[in-house]
Each structure stands twice: as structure tokens, then as C-alpha cells.
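Participant: Now for the letters of each chain:
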Amino acid sequence: MKADRGRSAHRAQSSDAMSQRGSAPGKRTLTMELPVQLAAGARSDETVSPTPSSGSGRSLPEDVRGQMERSFGFNFASVQQSATLAGPAPDGRGRHTLNKVLPRIAASAGGTGTGQTSWADCGRISREVMGHTRADQPPHAVVNGAGGNLQETATSSSPATLRGNVLVDLGLGATPAAALVTYQAMTPTAREAFDQQHGLDRYAAPSIGEAFSTEAASGFNFHWGGVVLQSGGDRVTLENFYKGGTYDSQDTAWYFQTYGSPSHPGQTWHDQWHDPANPDSMTMRTSTRSITGQTTRPVSGCARARLTGMIRPTTCCSPTERRCRSSRPITPTGCGSKCGVACMPGGTDGSWRTSSREADILGGQALGSARALALACLLLRCGSSSPGAGPNDHASESHTMTEQPVAITAFGQLPTADGKTVTVVGPIDCTIRSRS
Amino acid sequence: MLDGDPRPRLFLQQPRPAGEQQQLADKRVRVTGVFHRTQPRPPDDPPYSATFSGSWIYDIIVLEPVR
Numbered sequence: 001m002k003a004d005r006g007r008s009a010h011r012a013q014s015s016d017a018m019s020q021r022g023s024a025p026g027k028r029t030l031t032m033e034l035p036v037q038l039a040a041g042a043r044s045d046e047t048v049s050p051t052p053s054s055g056s057g058r059s060l061p062e063d064v065r066g067q068m069e070r071s072f073g074f075n076f077a078s079v080q081q082s083a084t085l086a087g088p089a090p091d092g093r094g095r096h097t098l099n100k101v102l103p104r105i106a107a108s109a110g111g112t113g114t115g116q117t118s119w120a121d122c123g124r125i126s127r128e129v130m131g132h133t134r135a136d137q138p139p140h141a142v143v144n145g146a147g148g149n150l151q152e153t154a155t156s157s158s159p160a161t162l163r164g165n166v167l168v169d170l171g172l173g174a175t176p177a178a179a180l181v182t183y184q185a186m187t188p189t190a191r192e193a194f195d196q197q198h199g200l201d202r203y204a205a206p207s208i209g210e211a212f213s214t215e216a217a218s219g220f221n222f223h224w225g226g227v228v229l230q231s232g233g234d235r236v237t238l239e240n241f242y243k244g245g246t247y248d249s250q251d252t253a254w255y256f257q258t259y260g261s262p263s264h265p266g267q268t269w270h271d272q273w274h275d276p277a278n279p280d281s282m283t284m285r286t287s288t289r290s291i292t293g294q295t296t297r298p299v300s301g302c303a304r305a306r307l308t309g310m311i312r313p314t315t316c317c318s319p320t321e322r323r324c325r326s327s328r329p330i331t332p333t334g335c336g337s338k339c340g341v342a343c344m345p346g347g348t349d350g351s352w353r354t355s356s357r358e359a360d361i362l363g364g365q366a367l368g369s370a371r372a373l374a375l376a377c378l379l380l381r382c383g384s385s386s387p388g389a390g391p392n393d394h395a396s397e398s399h400t401m402t403e404q405p406v407a408i409t410a411f412g413q414l415p416t417a418d419g420k421t422v423t424v425v426g427p428i429d430c431t432i433r434s435r436s
Numbered sequence: 001m002l003d004g005d006p007r008p009r010l011f012l013q014q015p016r017p018a019g020e021q022q023q024l025a026d027k028r029v030r031v032t033g034v035f036h037r038t039q040p041r042p043p044d045d046p047p048y049s050a051t052f053s054g055s056w057i058y059d060i061i062v063l064e065p066v067r
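Chains A and B, in that order, give the protein sequences. Counted the way our numbering counts, the first sequence spans residues 1 to 436. Counted the way our numbering counts, the second sequence spans residues 1 to 67.
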């Protein structure tokens, strides 16, 4: 069964760490022993009051705790315990101290620590990792498009629908059924190359706060796993599995699992979960958040990104909102005050963000692995404009619009909100120009 | 052979009484019920809820040992 598979695999991958602590792996031990690497400079003896429903133990140092809580929209957090494990990092980057942690799951209906309940349905618990608490928000599938840029499908909570969206969007057919036939008709070599190019199956690589999704999984109709930690090519998921109850069932059998990179045969999520007897079985990267990007130089002027097409509209919010806070100062130049300082302007760090969800996590190391990518039409708003009517409210703004070229690393050709077309040539430093 | 599995797999409606489980454990049995190609979902569950793969027999009328 799934739990046994997960636990045995976790045991195998964690055996070294476990043995050094002398703890026997068991059902709950796998959760209890999850190590989190302390950030550089963090004090392991920091005394912080326990957070509610955290069980015993101390909160993680602010830099680590904040990073994780921002990453998961406060849906999931870890509370540091006293047990530690110190040793040389496998990648040769010096000596590190790992701390035992206990999770805190916001959607839990009861219990503390490892006795917390959480959704049994694998998709539902993964959507807690990906989205806001109890929102059960359907995700996009995220693939590498033809030009190497990230591409999002339409959203769905059905892995079968996402699979169809992926294959159609990648041009394999006009309908999901036809595209699947084309996909299955590929030779193993061609399919491997296709998967590698587009980030599917063994090459699906969700970032923290995203999820693996496999349609036609071993033992189940599908399986999901939300990624909560990442180190190099390894990913740790928070998972649970259906046991015969209802969609609203919660239990305490959730667990963490570690999966390896495609360079390690048998260790990827797809290796572990796809159904080898089912040629339809496919693994995807899924995400409820929009793709982030990085300008190659500070955006000149007060800019807000309005994203169209396959990418959701940008959510702007005021600097006084908690979620807009950034570890880096956002200092728009030029007309900043006239436009109102929203969370979207390109800052001195050249960053921009595509949604409040991204704003939650940008700047934290949690997204350090997320490549600078994407996207879209930047609608530069500057000059003779009045402040925006309010946070998260594009529609009520009455700006005089001035579109400007801006250097950005992005891709594609997308329509602007006012019916024009913005051409983005990437993936290297390029220029967006509006076309009238 | 069900669902392409290397071994036949068939799930029964859950849960079964503890006494019945003890009486029938490891014995050949005859089952009478309704065969479902996939596991029926609770009526209020969304279509994207998880289920076990494999076929199911629900509404079991008779479950008895084969003499």
C-alpha cells in the first residue's frame, strides 16, 4: 500500500541520518525526524515561545520560520525541536546542523504535533501546500514550453484534465484524447526526450509550494504530493492518501517523503508513483501561483505588471499589507508616489511579481531554486496618473497610461489588457514594446 | 486479470465485520454483490477526489467460504 511504499522508501533514504541519531524509524518517526537545515547565522539555542498547536518545542529561528511560513501562506510551518544532527554537508559546503522539527498544519481539525489531523485525500492536502488554507484552489500544470520558457495550462483539480491540457498545449493534438494517442505513440526514446524537454514524468520538478501530480498512479486513480522542502535536486513532499472515507476525511497518517533527481534511477516521484501497467500514466508539475520573473535591470518608472492570457492577472496591494512586505526594499524610481507604491513595481533588485501569492514568498530562500522566468505583458504605468483606488483593485484605477519599453527576461507574445500586443523576445535580455 | 495488474485485484465493500474477517481469513470464498469497474465515490465527493485503483464489489449480499 501507499503508506508502506512511502515509509520504506523514506526509511531507505533517511537511514543514514536516522542511524546517527540512533532512532528507530517507525510510523510517526518519519515525520518527527524530518530535518531542516538552519540558515547561516541562525542560533540553534534561540528561545522563542511555542506557536499555537505546535506541540512541544521551540519555534524555528525567524529567518527559517519566516521563509517557510511565507512559502506556504501560513498553511504549513515547522517548529524546531531540541534534537539536532550536525555533520558535513554531502555537497561539500561545510558543516551544517540539522534540527528536528514538528509540523503545524493550519487546516488541521485537531491534535498537535504528529497527532494533528490533515486531509486524507492526497490532492486536497497537496492543495493546502500550494494554496491558501482550506481554499482547495485548483492548480495549473506547469511545463517547459517550446522555447524553453515556462508555460501554464488552464487550472483544474483533476490530474486527468491537467494531463490533457498539457498535451494539447504542447501541440500533440487538438483534443486531450488525440494528444494522448500521439504521446503514447512515441518511441521510448522519443518520449524520454519529450519528457525531458517539457519537464514531465521523471523530469517534473515542482518548486517549494508546488506539487507533483501523477495521473494513473500505482494503487490509486492518481496521486499528489506537495513539495515542502528542496535541496539541490531532492524534494521533500507532504503527503497523505485516501483510505476509503470521504473527500472531507482527515486523519493522522500523513507523512513526509524524499524524492531524488532524474539522475538517480528509481528515486524520482514518477519512478515511485507512476503505474507501469498503465501507458496513460504521466507526472506533472503543478502550481496554484503564477510564474515569476526577474528583470535584468531595475524597471524605470512605476510599473505594474498586468498579466494576461494564460497567466492570471496580477494582484497589487498596498505596502502596508503584510503580504507585500519584502526582505528587500522596493524603491520605484520616477513617478512612484504618483502611481502609489504598490507591491508590483520593479524594485532596485529588479524583481517583479505576478501575484500576491508570489509576493508572499519572493525574497525568501524558499524560491531560490525557482528560475527567473516567464512571462507576459508589462503595462508600465507612469506619469500623469492618480494613485490607484486601492489594493487589489485594477478596475477602479483611472490612470493615463504610458507604455514604455523595459528590459526584462521573458518570453512570448501576449496581448495586453487593452487589446494591444506585447512582444517579448527571450530568453535573454530583451525588450518589450507595445504595438499600437 | 483486472486493470492490467500482474495479479488479479478486487476490493470488497468496507468495512467487513471483525467476526467475518476472522472466520474467512485465508480461505477461499464465494462473493455475491454488485461489481463496479472502479470504486464508487461517496455521492457528495467531487469528481477529482482520490480513489483506489482496481475493481470493487459493493453491496455484498453473500460472502461465504467455499467448501
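Mixed in with the good hints, there may be bad ones.
Unchecked claim - Pair by pair, the computed Cβ-Cβ distance ranges are: (1) Ala190(A) with Glu64(B): 29 to 39 Å; (2) Gln196(A) with His36(B): 34 to 44 Å; (3) Val31(B) with Thr175(A): 11 to 21 Å; (4) Ala178(A) with Arg37(B): 20 to 30 Å; (5) Ile60(B) with Ala109(A): 28 to 38 Å; (6) Gln197(A) with Pro47(B): 56 to 66 Å; (7) Thr112(A) with Ile60(B): 53 to 63 Å; (8) Ile60(B) with Gly245(A): 44 to 54 Å.
Stated by the list, open to error - Facing chain A, from chain B, some residues (calculated, C-beta under 10 Å): (9) Pro17; (10) Glu20; (11) Gln39; (12) Pro42.
To be verified - Non-contacting residues of chain B with respect to chain A, defined by C-beta distances greater than 10 Å in every case (computed): (13) Ala25; (14) Lys27; (15) Thr38.
In short, the hints are calculated from the structure, not lab data. Glycine is no exception: its CB is placed at the ideal position from the N, C-alpha and C atoms.
Participant: Could you run down the list of hints and mark each one as holding or not?
Facilitator: Going through the hints against the structure:
no. : hint                                : result
1   : Ala190(A) with Glu64(B): 29 to 39 Å : violated, 52 Å
2   : Gln196(A) with His36(B): 34 to 44 Å : holds, 38 Å
3   : Val31(B) with Thr175(A): 11 to 21 Å : violated, 39 Å
4   : Ala178(A) with Arg37(B): 20 to 30 Å : holds, 24 Å
5   : Ile60(B) with Ala109(A): 28 to 38 Å : holds, 31 Å
6   : Gln197(A) with Pro47(B): 56 to 66 Å : violated, 31 Å
7   : Thr112(A) with Ile60(B): 53 to 63 Å : violated, 39 Å
8   : Ile60(B) with Gly245(A): 44 to 54 Å : violated, 19 Å
9   : Pro17                               : violated, 16 Å
10  : Glu20                               : violated, 17 Å
11  : Gln39                               : holds, 8 Å
12  : Pro42                               : holds, 5 Å
13  : Ala25                               : holds, 18 Å
14  : Lys27                               : holds, 22 Å
15  : Thr38                               : violated, 7 Å
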